[in-house]
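With the sequences and hints as input, model every part of the structure.
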Amino acid sequence: MTVQVIMNVNETIEFRIIASEYWNDTGLVVEPGQTCQFEASGTWTDSYIDTNADGFDKWYMAAFKPFRRSPKNRWFALMGSLDKGKPFLIGSRNEITFDNGGKLYCFANDVKGFYGNNKGELTLKLKRIA
Numbered sequence: 499m500t501v502q503v504i505m506n507v508n509e510t511i512e513f514r515i516i517a518s519e520y521w522n523d524t525g526l527v528v529e530p531g532q533t534c535q536f537e538a539s540g541t542w543t544d545s546y547i548d549t550n551a552d553g554f555d556k557w558y559m560a561a562f563k564p565f566r567r568s569p570k571n572r573w574f575a576l577m578g579s580l581d582k583g584k585p586f587l588i589g590s591r592n593e594i595t596f597d598n599g600g601k602l603y604c605f606a607n608d609v610k611g612f613y614g615n616n617k618g619e620l621t622l623k624l625k626r627i628a
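Here the numbering used here is used: position 117 in the sequence shown is 615, and no number is missing along the way.
To be clear, the hints were calculated from the coordinates, so they are not data collected in a lab. There's no promise every hint is true.
[To be verified] Here are the computed lysine-lysine pairs in the PhoX-like style, where the Cα-Cα straight-line distance is at most 20 Å: (1) Lys570 / Lys582; (2) Lys584 / Lys610; (3) Lys582 / Lys601; (4) Lys584 / Lys601; (5) Lys610 / Lys582; (6) Lys563 / Lys584; (7) Lys570 / Lys584; (8) Lys601 / Lys623.
[To be verified] Just the calculated beta-carbon pair ranges, DEER-fashion: (9) Tyr546 / Asp581: 27 to 35 Å; (10) Arg567 / Lys623: 29 to 37 Å; (11) Phe554 / Gly583: 38 to 46 Å.
A virtual CB, placed ideally from N, CA and C, is assigned to each residue, including glycine.
Have a look at this one:
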């Protein structure tokens with residue numbers, strides 16, 4: 499059982515986001531109207547391609563773009579999702595005000611079934627600012 503965390507304003511928490519995990523359960527519960535700053539550091543690897551939280555694009559992978567979990571975002575971009583719903587981009591740095599609440603999950607933007615060749619992890623620092 500994962501402990502659920504609700505952050506206070508100006509509180510900062512760090513998480514490890516593992517590339518090979520389909521869902522990284524942060525245990526954090528986001529509340530409606532909450533604003534958070536996200537900052538991710540480190541590199542992770544898709545098969546043999548190293549990248550940061552902003553992900554990558556390769557011309558020879560263009561045919562597979564529609565099959566990514568979030569087709570409009572880059573390969574291996576750091577993504578978030580509340581309650582395993584619609585994904586949103588976190589990337590290396592972002593500030594998000596949440597309309598809805600829910601439990602925060604994170605993942606590398608890849609194709610379902612292809613997480614077995616993913617390696618590494620990112621450190622995600624999250625600060626609640628409102």
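Taking the hints in turn, this is what the structure says about them:
1. Using a Cα cut-off of 20 Å, the hinted pair Lys570 and Lys582 holds, with the two alpha carbons roughly 18 Å apart.
2. The hinted pair formed by Lys584 and Lys610 meets the criterion: a straight-line CA distance of about 15 Å does not exceed 20 Å.
3. With a CA separation close to 8 Å, the supplied pair Lys582 and Lys601 stays within the 20 Å bound.
4. At most 20 Å may separate the alpha-carbon atoms for a hinted pair to count; Lys584 and Lys601 meet this at roughly 12 Å.
5. For a cut-off of 20 Å, the pair hint linking Lys610 to Lys582 stands: about 14 Å separates their Cα positions.
6. Taking the CA atoms of Lys563 and Lys584, the gap is near 17 Å; set against the 20 Å cutoff, the hint holds.
7. A threshold of 20 Å between alpha carbons decides the hint, and for Lys570 with Lys584 the separation of about 12 Å falls inside it, so the pair holds.
8. Among the hinted pairs, Lys601 with Lys623 is consistent with the structure: their alpha-carbon atoms are about 16 Å apart, no more than 20 Å.
9. Hint check: Tyr546 to Asp581, Cβ distance near 33 Å, so the stated range 27 to 35 Å holds.
10. Separation of Arg567 from Lys623 is about 23 Å and departs from the stated range, judged on CB atoms against 29 to 37 Å.
11. Taking 38 to 46 Å as the suggested C-beta distance range, the pair Phe554 and Gly583 does not conform, at roughly 25 Å.
Going down the numbered hints, you'll see the structure goes against 10, 11, while the others check out.
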